[in-house]
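First to last, the protein sequences are chains A and B.
Going letter by letter, the first sequence gives residues 1 to 551 in full-length UniProt numbering.
Going letter by letter, the second sequence gives residues 1 to 551 in full-length UniProt numbering.
Misleading hints may appear alongside valid ones.
[What the hints assert, rightly or not] Quick look at which bits of chain A chain B covers, simulated, 3 or more residues with Cβ under 8 Å:
no., segment
1, 179 to 188
2, 384 to 393
3, 426 to 434
[As the list claims (entries may be wrong)] Beta-carbon label-pair distances, calculated as ranges:
no., chain 1, residue 1, chain 2, residue 2, range
4, B, 170, A, 348, 30 to 36 Å
5, B, 33, A, 410, 55 to 61 Å
6, B, 257, A, 507, 57 to 63 Å
In short, the hints are calculated from the structure, not lab data.
Where is the CB? At the ideal position from N, CA and C, for every residue including glycine.
Protein chains: 2
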Amino acid sequence: MLSTMQDVPLTVTRLLDHGMRVHARSRITTWTGEGEPRRRTFAEAGARAAQLAHALHDELGVRGDDRVATLMFNNAEHVEAYFAVPAMGAVLHTLNLRLPAEQLVWIVQHAADRVVVVDGSLIPVLAPLLPRMTSVQHVVVSGAGDRSALEGTHARVHDYEELIAGRPVTYDWPEIDERQAAAMCYTSGTTGDPKGVVYSHRSIYLHSMQVNMAESMGLTDRDTSLIVVPQFHVNAWGLPHATFMTGFNMLMPDRFLQPAPLAEMIERERPTHAAAVPTIWQGLLAELNARPRDVSSLAQVTIGGSACPRSLMEAFDARGMRVCHAWGMTETSPLGTVARPPAHAVGTDEELGYRLTQGRFPAGVEARLTGPDGERLPWDGKSAGELEVRGPWIAGAYYNGPDAEPLRPEDKFSPDGWLKTGDVGTISPDGYLTLTDRAKDVIKSGGEWISSVALENALMAHPDVVEAAVVAVPDERWGERPLATVVLKDGAAADFAALRTFLAEEARIAKWQLPERWTVVDAVPKTSVGKFDKKVLRRQYAAGELDVTRL
Amino acid sequence: MLSTMQDVPLTVTRLLDHGMRVHARSRITTWTGEGEPRRRTFAEAGARAAQLAHALHDELGVRGDDRVATLMFNNAEHVEAYFAVPAMGAVLHTLNLRLPAEQLVWIVQHAADRVVVVDGSLIPVLAPLLPRMTSVQHVVVSGAGDRSALEGTHARVHDYEELIAGRPVTYDWPEIDERQAAAMCYTSGTTGDPKGVVYSHRSIYLHSMQVNMAESMGLTDRDTSLIVVPQFHVNAWGLPHATFMTGFNMLMPDRFLQPAPLAEMIERERPTHAAAVPTIWQGLLAELNARPRDVSSLAQVTIGGSACPRSLMEAFDARGMRVCHAWGMTETSPLGTVARPPAHAVGTDEELGYRLTQGRFPAGVEARLTGPDGERLPWDGKSAGELEVRGPWIAGAYYNGPDAEPLRPEDKFSPDGWLKTGDVGTISPDGYLTLTDRAKDVIKSGGEWISSVALENALMAHPDVVEAAVVAVPDERWGERPLATVVLKDGAAADFAALRTFLAEEARIAKWQLPERWTVVDAVPKTSVGKFDKKVLRRQYAAGELDVTRL
Numbered sequence: 001m002l003s004t005m006q007d008v009p010l011t012v013t014r015l016l017d018h019g020m021r022v023h024a025r026s027r028i029t030t031w032t033g034e035g036e037p038r039r040r041t042f043a044e045a046g047a048r049a050a051q052l053a054h055a056l057h058d059e060l061g062v063r064g065d066d067r068v069a070t071l072m073f074n075n076a077e078h079v080e081a082y083f084a085v086p087a088m089g090a091v092l093h094t095l096n097l098r099l100p101a102e103q104l105v106w107i108v109q110h111a112a113d114r115v116v117v118v119d120g121s122l123i124p125v126l127a128p129l130l131p132r133m134t135s136v137q138h139v140v141v142s143g144a145g146d147r148s149a150l151e152g153t154h155a156r157v158h159d160y161e162e163l164i165a166g167r168p169v170t171y172d173w174p175e176i177d178e179r180q181a182a183a184m185c186y187t188s189g190t191t192g193d194p195k196g197v198v199y200s201h202r203s204i205y206l207h208s209m210q211v212n213m214a215e216s217m218g219l220t221d222r223d224t225s226l227i228v229v230p231q232f233h234v235n236a237w238g239l240p241h242a243t244f245m246t247g248f249n250m251l252m253p254d255r256f257l258q259p260a261p262l263a264e265m266i267e268r269e270r271p272t273h274a275a276a277v278p279t280i281w282q283g284l285l286a287e288l289n290a291r292p293r294d295v296s297s298l299a300q301v302t303i304g305g306s307a308c309p310r311s312l313m314e315a316f317d318a319r320g321m322r323v324c325h326a327w328g329m330t331e332t333s334p335l336g337t338v339a340r341p342p343a344h345a346v347g348t349d350e351e352l353g354y355r356l357t358q359g360r361f362p363a364g365v366e367a368r369l370t371g372p373d374g375e376r377l378p379w380d381g382k383s384a385g386e387l388e389v390r391g392p393w394i395a396g397a398y399y400n401g402p403d404a405e406p407l408r409p410e411d412k413f414s415p416d417g418w419l420k421t422g423d424v425g426t427i428s429p430d431g432y433l434t435l436t437d438r439a440k441d442v443i444k445s446g447g448e449w450i451s452s453v454a455l456e457n458a459l460m461a462h463p464d465v466v467e468a469a470v471v472a473v474p475d476e477r478w479g480e481r482p483l484a485t486v487v488l489k490d491g492a493a494a495d496f497a498a499l500r501t502f503l504a505e506e507a508r509i510a511k512w513q514l515p516e517r518w519t520v521v522d523a524v525p526k527t528s529v530g531k532f533d534k535k536v537l538r539r540q541y542a543a544g545e546l547d548v549t550r551l
Numbered sequence: 001m002l003s004t005m006q007d008v009p010l011t012v013t014r015l016l017d018h019g020m021r022v023h024a025r026s027r028i029t030t031w032t033g034e035g036e037p038r039r040r041t042f043a044e045a046g047a048r049a050a051q052l053a054h055a056l057h058d059e060l061g062v063r064g065d066d067r068v069a070t071l072m073f074n075n076a077e078h079v080e081a082y083f084a085v086p087a088m089g090a091v092l093h094t095l096n097l098r099l100p101a102e103q104l105v106w107i108v109q110h111a112a113d114r115v116v117v118v119d120g121s122l123i124p125v126l127a128p129l130l131p132r133m134t135s136v137q138h139v140v141v142s143g144a145g146d147r148s149a150l151e152g153t154h155a156r157v158h159d160y161e162e163l164i165a166g167r168p169v170t171y172d173w174p175e176i177d178e179r180q181a182a183a184m185c186y187t188s189g190t191t192g193d194p195k196g197v198v199y200s201h202r203s204i205y206l207h208s209m210q211v212n213m214a215e216s217m218g219l220t221d222r223d224t225s226l227i228v229v230p231q232f233h234v235n236a237w238g239l240p241h242a243t244f245m246t247g248f249n250m251l252m253p254d255r256f257l258q259p260a261p262l263a264e265m266i267e268r269e270r271p272t273h274a275a276a277v278p279t280i281w282q283g284l285l286a287e288l289n290a291r292p293r294d295v296s297s298l299a300q301v302t303i304g305g306s307a308c309p310r311s312l313m314e315a316f317d318a319r320g321m322r323v324c325h326a327w328g329m330t331e332t333s334p335l336g337t338v339a340r341p342p343a344h345a346v347g348t349d350e351e352l353g354y355r356l357t358q359g360r361f362p363a364g365v366e367a368r369l370t371g372p373d374g375e376r377l378p379w380d381g382k383s384a385g386e387l388e389v390r391g392p393w394i395a396g397a398y399y400n401g402p403d404a405e406p407l408r409p410e411d412k413f414s415p416d417g418w419l420k421t422g423d424v425g426t427i428s429p430d431g432y433l434t435l436t437d438r439a440k441d442v443i444k445s446g447g448e449w450i451s452s453v454a455l456e457n458a459l460m461a462h463p464d465v466v467e468a469a470v471v472a473v474p475d476e477r478w479g480e481r482p483l484a485t486v487v488l489k490d491g492a493a494a495d496f497a498a499l500r501t502f503l504a505e506e507a508r509i510a511k512w513q514l515p516e517r518w519t520v521v522d523a524v525p526k527t528s529v530g531k532f533d534k535k536v537l538r539r540q541y542a543a544g545e546l547d548v549t550r551l
């Protein structure tokens, strides 16, 4: 039996139209470093989005699902592109300006981007790569910058303001199927080529509703959000789309991401909410300790991207800034969990523990844990498995090029279509996720999993240990066993038996999880972003290059 | 270009599964009048919903999209039916127990309800009608009541608890297309047969998200909502579905809807939120004035169903209970607008004015005003037109029987599918709706609309006038003109010229809107629910039965 409800699609166009009308007065404030910030209302930004769409269509020939890329910081013009491009039926492709040059070129070519909108301040990033971005026909420069570096390639160069000036401030937006592509973002995994995630109008709309639910960020037009997390990083966690739904104001830092200007913009513009990764917050805290500022407006701080250390949460709490931890990934739009404590824990000793988990799943995210042998594990807060998720804003495949079928690698998607997150953890009976390891680093020993991260943290608590990395190595009897690699303090002796006893007695690691294989290294090999490079250790072990003691 | 997002349907099943797992500890508390309330967790209610589904399927033979009706107050068992019936793929039909008997029979037959679940306390309502409800094969009685009155018809009678006892507490819920029917509710218009609105899984899911957004009710698991608005009245404004999404607790009054028990349950159970129509709140206020209670927990009160008088809002505000006005109808699920003031008005003289409007449209509700000649009117706060709405939780047709095409009467739906609400009003530039009249009562004079309600309110402000009703009557020159019908105070003279001057000078009614035709009546004819029955007045005028003075 069919319902009698209207069949109305969930589209970015609807968010644009709603925001610029009902929340016409809400503001996008872009920091400019000196002088007054650039202030624009949603009504103005919406009118300019219409002008941009006319320019892209009439002047640059953007048609159908052409890709329009952005290489931009967080600013009002980037927001205009966020709405104009999907609303006209094209696909917004946000480029991560911190990627290695080769990957940027690869991604632009793979997506076949036809236009790149670039901040003037980022011309030095784009210019040397542009000759190899053969799909790009037009470059649109927003803001001041030396354009001469962009001349002389196959691409035509335009000025954003000149391009949109004088064009109509309304646009007859097409009707769009909600399952059509609206935006795309490539993940920058440590191995293999980047993988494109293509968000639909539907997924963005539903994700925006979730962001605005009271259990998530729950902002209204009385709020101002300092959006530090980049717009090229999973759509700035969905905040720019969510703003046009409920009218909360945006404070955009543009390229001023250092602690001092961030502290200054908080004091001057008085945001009530902010969103960023832990490193930004660590820096801000140090800045505030060195040069106190009035940051009393900032009641709520969303932290994601990597785990929030307890010390950081406590330091922010002490300043009246309530930290809310969240977890997600490019493939999850990104809102996967939000760590608001359950009602029964509020005001109790349990509260901080809940807030330090990755958080609780919303209704839109189904979750399950899969053990080493593919078995489903219970939500008991103890059984560790790989997290798999399902939901209307979660990827079920990767983009495989303009005319190719979407790609569904079996290590990333289960046969029934769930996303395998590559994260290993536990889920409590009340749906709180605690991540303990990456699936590729976990040690599969006799049908059970041993967390490399848990062993590392325990080892690094020993006074003689500077750093420790634990990796899986092959074992005839158990399949895999942990190899403990430690960097010792100057002058400390390599007493592995003592370290093993420490793990068992002080850190209460279960006996079957204790490493038999031990080695000392001068330093743990690291990736370009400073993470332990466990691939190198595994290769060195396989090649017999490590001096391993067996207890 | 297709997105790479998972294609996951938005279903009531998902709400059920999420609520009973992630919000397992949240509670449904049902008032019992004496002794302890009946307390049940979401986990328990979810398990019982599975048992109910097994009973309906295995014992009562419910299949496919069979309709299962409820004739129940707000209580935990009604919530169980809310989830069990749609999740198993069948359709929940909530019956309005206050409808005239003939309409109840008509509705049950029209929907072809196969099962009726009835509160024991409502057996006296059902029993005399049951012989004529020929589609009903099974009656399931929940709670105490005299079942003998139900015996001896074609229908088998079951006890709810006996029926579900011992059945499995999990159910292998089918995969459901989100556009399939989940629930239905008939509108009880003043003219013609009742019309069935069929909600889809999608519309209920999206509406639940909207209810939980911070700009709407914005509740979380720290809240308890006293749900006075009946579950048979547009799904209790969507609250029972919304609870399983975010885990706020439900306090259900069952049949104890009188001011005294409501005041007692607020004091004892300490809800943070409540939802009801104005008459309930008027009664509660009088009760609290007569017998003070500690109602300090109640921070937020949602009022809808009809306009909230200013005096009521101010009286609640003075007690620390913040009133939030909302507008909707059966056809809009019902959330159409919520009157949270815009940020710029908070704390100013404008704030109360905004809160007394019907409210602001959320992104999911598109709105337009249509004038007397079908023209679109601007959102300028002045131009009055019929409100038309569009959105994913708004009806686009009516149910026309089991095998018939949905019905789309042209007076209820525009050719492009928008719902014509039958309400006339204005929309401010920032999207706030103010309703001034019903479309059928508005006076279409020379291509402009005159609000009958505005004239009535102005007339009733005159000291000599007890009641006033204004209706449209045919006019050769203007099409229609207002006829003013007044009930005068004992001893007052019928000085129509003075009343007309009063309207122009004191009430500042525009000259072209002033009535020329006047009459005095002993009482304004009323409908069974106490509203002015303007049909009667128009008929009396047409038949020459009124003594009309023309100024």
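Hints and how they fare:
Counting residues of the segment 179 to 188 of chain A whose CB falls under 8 Å from any CB of chain B gives 4; the rule of at least 3 is met. Note: the segment 384 to 393 of chain A has 4 residues with beta-carbon separation from chain B under 8 Å; the three-residue rule is met and the coverage holds. Three residues within the 8 Å Cβ limit are the bar, and the segment 426 to 434 of chain A against chain B gives 3, so the coverage statement holds. Between residue 170 (chain B) and residue 348 (chain A) the Cβ separation comes to about 31 Å, which falls inside the hinted range of 30 to 36 Å.
Between residue 33 (chain B) and residue 410 (chain A) the Cβ separation comes to about 59 Å, which falls inside the hinted range of 55 to 61 Å. Restraint check, residue 257 (chain B) to residue 507 (chain A): a C-beta distance of roughly 59 Å satisfies the suggested window 57 to 63 Å.
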